[in-house]
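Protein chains in written order, with numbering that gives the first Met the number 0: chain V, 0 to 328; chain P, 0 to 328; chain E, 0 to 328.
Wrong hints could be hidden among the right ones.
Straight-line Cα separation of at most 30 Å, DSBU-like style, residue types lysine-lysine; simulated pairs [said to hold, decoys possible]:
1) V:265 x V:165
2) E:201 x E:46
3) V:160 x V:46
4) V:46 x E:160
5) E:201 x E:260
6) E:165 x E:265
7) E:46 x P:46
8) E:46 x E:165
9) P:46 x V:46
DEER-style ranges, computed between Cβ atoms [stated by the list, open to error]:
10) P:218 x E:48: 30 to 40 Å
11) V:249 x P:8: 40 to 50 Å
12) V:132 x E:209: 38 to 48 Å
13) E:48 x P:4: 36 to 46 Å
14) P:48 x E:44: 18 to 28 Å
No lab work stands behind these hints: they were computed from the structure.
Fair warning: this is a prediction, and the values are worked out from it, not measured in the lab.
Ideal placement from N, C-alpha and C gives every residue a C-beta, glycine not left out.
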Amino acid sequence: MTDNLQFDGQGRLRHLLTIEGLSRQTILDILNTAESFITVGEREIKKVPLLRGKTVVNLFFESSTRTRTTFEIAAKRLSADVININPGVSSATKGETLLDTIRNLEAMHTDLFVVRHSQSGAAYLVAGHVPAHVHIINAGDGAHAHPTQGLLDVFTIRRHKGDFDKLRVAIVGDILHSRVARSQIHALAALGVPEIRVIAPKTLLPTAVESLGVRPYTDMQEGLADVDVVMMLRLQRERMHGAYIPSEQEYFNLYGLTAAKLRYAKQDAIILHPGPMNRGLEIDSAVADGPQSVILPQVTYGIAVRMAIMALIMGGAPETEPAARRRAG
Amino acid sequence: MTDNLQFDGQGRLRHLLTIEGLSRQTILDILNTAESFITVGEREIKKVPLLRGKTVVNLFFESSTRTRTTFEIAAKRLSADVININPGVSSATKGETLLDTIRNLEAMHTDLFVVRHSQSGAAYLVAGHVPAHVHIINAGDGAHAHPTQGLLDVFTIRRHKGDFDKLRVAIVGDILHSRVARSQIHALAALGVPEIRVIAPKTLLPTAVESLGVRPYTDMQEGLADVDVVMMLRLQRERMHGAYIPSEQEYFNLYGLTAAKLRYAKQDAIILHPGPMNRGLEIDSAVADGPQSVILPQVTYGIAVRMAIMALIMGGAPETEPAARRRAG
Amino acid sequence: MTDNLQFDGQGRLRHLLTIEGLSRQTILDILNTAESFITVGEREIKKVPLLRGKTVVNLFFESSTRTRTTFEIAAKRLSADVININPGVSSATKGETLLDTIRNLEAMHTDLFVVRHSQSGAAYLVAGHVPAHVHIINAGDGAHAHPTQGLLDVFTIRRHKGDFDKLRVAIVGDILHSRVARSQIHALAALGVPEIRVIAPKTLLPTAVESLGVRPYTDMQEGLADVDVVMMLRLQRERMHGAYIPSEQEYFNLYGLTAAKLRYAKQDAIILHPGPMNRGLEIDSAVADGPQSVILPQVTYGIAVRMAIMALIMGGAPETEPAARRRAG
Chain V
0 MTDNLQFDGQ GRLRHLLTIE GLSRQTILDI LNTAESFITV GEREIKKVPL
50 LRGKTVVNLF FESSTRTRTT FEIAAKRLSA DVININPGVS SATKGETLLD
100 TIRNLEAMHT DLFVVRHSQS GAAYLVAGHV PAHVHIINAG DGAHAHPTQG
150 LLDVFTIRRH KGDFDKLRVA IVGDILHSRV ARSQIHALAA LGVPEIRVIA
200 PKTLLPTAVE SLGVRPYTDM QEGLADVDVV MMLRLQRERM HGAYIPSEQE
250 YFNLYGLTAA KLRYAKQDAI ILHPGPMNRG LEIDSAVADG PQSVILPQVT
300 YGIAVRMAIM ALIMGGAPET EPAARRRAG
Chain P
0 MTDNLQFDGQ GRLRHLLTIE GLSRQTILDI LNTAESFITV GEREIKKVPL
50 LRGKTVVNLF FESSTRTRTT FEIAAKRLSA DVININPGVS SATKGETLLD
100 TIRNLEAMHT DLFVVRHSQS GAAYLVAGHV PAHVHIINAG DGAHAHPTQG
150 LLDVFTIRRH KGDFDKLRVA IVGDILHSRV ARSQIHALAA LGVPEIRVIA
200 PKTLLPTAVE SLGVRPYTDM QEGLADVDVV MMLRLQRERM HGAYIPSEQE
250 YFNLYGLTAA KLRYAKQDAI ILHPGPMNRG LEIDSAVADG PQSVILPQVT
300 YGIAVRMAIM ALIMGGAPET EPAARRRAG
Chain E
0 MTDNLQFDGQ GRLRHLLTIE GLSRQTILDI LNTAESFITV GEREIKKVPL
50 LRGKTVVNLF FESSTRTRTT FEIAAKRLSA DVININPGVS SATKGETLLD
100 TIRNLEAMHT DLFVVRHSQS GAAYLVAGHV PAHVHIINAG DGAHAHPTQG
150 LLDVFTIRRH KGDFDKLRVA IVGDILHSRV ARSQIHALAA LGVPEIRVIA
200 PKTLLPTAVE SLGVRPYTDM QEGLADVDVV MMLRLQRERM HGAYIPSEQE
250 YFNLYGLTAA KLRYAKQDAI ILHPGPMNRG LEIDSAVADG PQSVILPQVT
300 YGIAVRMAIM ALIMGGAPET EPAARRRAG
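Produce the entire structure from the sequences given, and follow the hints as far as they go.
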């Protein structure tokens with residue numbers, strides 16, 4: 000997977016496939032553009048005409064109403080027409096290939112595909128075959144990447160913690176299978192976070208995870224010690240039935256984020272979760288709904304970040320104000 | 000369930016959860032506003048900009064394409080953006096709670112939830128947890144209420160019968176399990192209908208049904224005698240397999256509305272049905288499609304009534320003309 | 000099925016149910032109007048306000064995401080509101096009849112139904128029961144007709160071959176069960192194509208197929224000899240398990256379009272396919288993706304043709320320029 004597939008000849012972002020390989024400045028451009036969209040969601044009329052007359056296709060081979068909804072809302076607030084397609088129940092069953100599906104849709108003069116697929120690399124495959132005027136956003140491909148989630152997470156952190164260069168961040172849960180974790184690590188690293196930790200049972204840590212620039216922990220007390228940000232991952236319940244986890248109860252006891260465990264972190268640490276939460280499994284409700292949680296703000300920011308990405312890759316981003324840019328510097 | 004959850008501090012309707020507890024004037028305000036929307040459906044361009052830039056979420060935990068379509072059309076004619084979500088096939092399967100689903104959607108700055116759920120009280124539960132700027136319409140919760148149906152029914156009656164204060168109305172069918180019947184009874188009572196009857200086999204009548212202010216009948220001849228309005232209910236076929244009904248044929252013989260039984264009612268009696276109809280079970284086609292049927296006008300008025308409710312609770316209702324108000328008085 | 004159901008009292012096209020019975024001039028009017036919409040898809044803002052405030056219902060009893068998407072995009076580019084309904088999973092399961100579903104939707108002041116149904120004649124049945132202001136487009140009814148496909152196919156041929164009156168055209172595949180083939184034959188015949196051939200194994204040719212004005216062939220070499228246009232049909236894999244076809248491999252050997260067989264046709268012959276393709280069954284990838292293939296342009300033109308049909312039957316077609324009309328003459 001060549002990351003430069005994401006950029007056009009002039010070095011402008013054309014697709015968003017992964018955070019790996021994005022420069023600090025590119026990420027900051029996205030965050031700054033998202034800042035300018037935050038107010039759109041707070042207006043009486045939550046709509047700007049940036050993508051009027053454009054056709055955005057939500058192409059969700061792996062179904063996720065929640066993620067699809069965030070992209071649908073983001074696109075409609077930009078005034079685009081949105082087509083929702085769940086090919087799992089359509090052409091795929093007719094034996095059509097992924098690329099034939101894409102070629103057909105792009106022949107209809109669609110402008111942007113938001114692609115979610117259970118196989119790593121699917122969005123890359125698509126991006127490698129579309130003409131110059133078609134743009135791709137990866138909304139999750141297998142265990143590989145979920146870049147919009149990673150970007151809304153760092154947007155959330157910046158909103159609540161300001162600069163990145165003094166932060167200690169812990170990512171907790173199923174690091175091994177998580178595309179979210181991978182995108183978070185790339186984003187945090189690119190933004191210069193000096194200490195990124197991952198906390199998980201050994202069975203859920205990738206081998207040689209240190210090569211990603213993170214410090215692995217298998218103990219919550221040690222891993223959470225003095226962190227500024229706790230990023231919880233969703234635990235797929237289907238992992239429960241393998242050799243990964245002894246039992247839900249034991250997982251919760253050891254790795255579930257509770258008020259007691261949270262005390263190991265800094266007093267003003269914030270808690271993130273990509274949702275949907277398994278309350279009582281990876282996170283206790285007292286913490287999920289407590290004062291340190293920024294889980295719902297993440298959702299709000301997620302719309303602005305997705306609007307920013309859509310606007311930027313389609314070349315229609317509004318001018319970001321110098322003030323916002325300075326603040327981010 | 001506290002009914003005043005429906006009103007804000009200034010006594011304005013904020014959610015529509017049930018007709019129970021609505022004043023006669025509030026109901027008339029809704030009907031009068033609906034009158035002003037009737038013409039929108041008849042225009043060349045069936046669109047008004049009242050809810051432009053608002054996001055309406057159809058949240059149908061219990062699926063109903065017909066009802067969802069009426070709300071979708073109503074919202075789009077008000078220029079809102081509409082998101083259709085059927086959580087039965089999404090986050091619910093991921094173990095997310097109803098309230099987490101709602102909190103997530105409201106964090107996306109959505110403005111109105113149209114909620115349908117198989118459990119009584121679901122829309123109340125939601126309304127009790129949303130911030131002030133989010134509005135809820137109950138599109139049917141278990142056997143409890145279906146207020147928009149009740150309101151479009153009384154709108155239909157007013158359009159065809161004028162004033163309510165001399166009417167004799169019979170509701171026929173599965174009163175016991177019907178949220179539609181409950182909402183109809185509350186609406187008719189609030190509007191001062193002097194005689195409300197319910198007709199059903201004993202097994203389908205609630206105990207102490209008289210406490211609702213209605214007269215129970217188990218015989219169609221007696222119950223339909225001299226009524227002005229016959230409101231048929233849809234019979235759920237799954238009731239057939241219990242102890243409720245001996246057989247479909249016997250039910251039709253005793254309670255199915257036929258031309259012969261209709262003769263017991265006044266000659267100019269009108270017939271309503273919420274749809275979808277079981278032709279040959281609770282109603283005969285000759286009656287359903289006959290000159291006294293107002294079943295299709297109900298559907299037409301249903302769009303206007305739903306537009307009115309959406310506009311009113313979101314504070315964007317157009318001025319209703321004094322003339323319409325006078326006529327309704 | 001009376002074809003004049005398609006026309007109003009003034010002889011204007013009111014529904015599009017079948018190409019059978021359409022005059023050459025009516026078809027040319029559609030193609031010329033489609034020409035004027037081709038540029039809309041190439042604009043920065045791909046939207047015209049012709050159907051603003053109209054409600055288009057995609058009523059797909061037989062599910063087809065691909066075809067539904069083309070109509071949804073076409074309607075949205077005309078600024079209509081679009082409602083997608085798949086009654087297979089809704090009212091149909093509640094026992095409502097097709098006509099009750101239609102009557103309900105039209106009572107909501109919807110303007111256009113795009114109907115797809117597995118039974119031949121379904122769109123006719125609907126068209127026979129709607130009021131004057133409601134329009135129907137047949138998006139495929141059983142083995143009977145798929146007129147928008149037939150029209151986009153002749154649009155494609157005209158774009159690449161110019162006039163019709165010297166063309167030799169071959170339709171290859173399951174002629175017996177194909178509504179696409181039927182619509183193509185009617186369109187080609189009406190436009191004056193002097194030689195229309197069908198090529199298929201005997202088991203997939205209708206008896207007395209010559210009565211349609213076509214020449215049957217069972218051999219590809221003979222059938223493709225010197226043709227200008229090759230129209231491939233999609234082979235339904237379920238036919239494989241009957242007495243129709245010995246095996247997929249043998250079908251491909253005898254009737255699959257390969258580079259070798261294509262050499263029998265004229266050197267500049269074009270290849271059409273309605274999609275989705277079974278690569279390696281009815282068509283080889285080398286041909287499907289080769290220089291003579293116009294399969295993707297078909298998809299592009301399909302949007303313009305569907306926009307044209309919607310605009311024409313709803314009386315809102317833009318003026319077609321005399322130039323376009325002359326060119327088509």
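Verification of the supplied hints:
no., hint, verdict
1, V:265 x V:165, "holds (13 Å)"
2, E:201 x E:46, "violated (47 Å)"
3, V:160 x V:46, "holds (29 Å)"
4, V:46 x E:160, "violated (45 Å)"
5, E:201 x E:260, "holds (19 Å)"
6, E:165 x E:265, "holds (13 Å)"
7, E:46 x P:46, "holds (17 Å)"
8, E:46 x E:165, "violated (37 Å)"
9, P:46 x V:46, "holds (17 Å)"
10, P:218 x E:48: 30 to 40 Å, "violated (58 Å)"
11, V:249 x P:8: 40 to 50 Å, "holds (49 Å)"
12, V:132 x E:209: 38 to 48 Å, "holds (47 Å)"
13, E:48 x P:4: 36 to 46 Å, "holds (42 Å)"
14, P:48 x E:44: 18 to 28 Å, "holds (19 Å)"
When the structure is compared with the earlier hints, violations turn up for hints 2, 4, 8, 10 and for no others.
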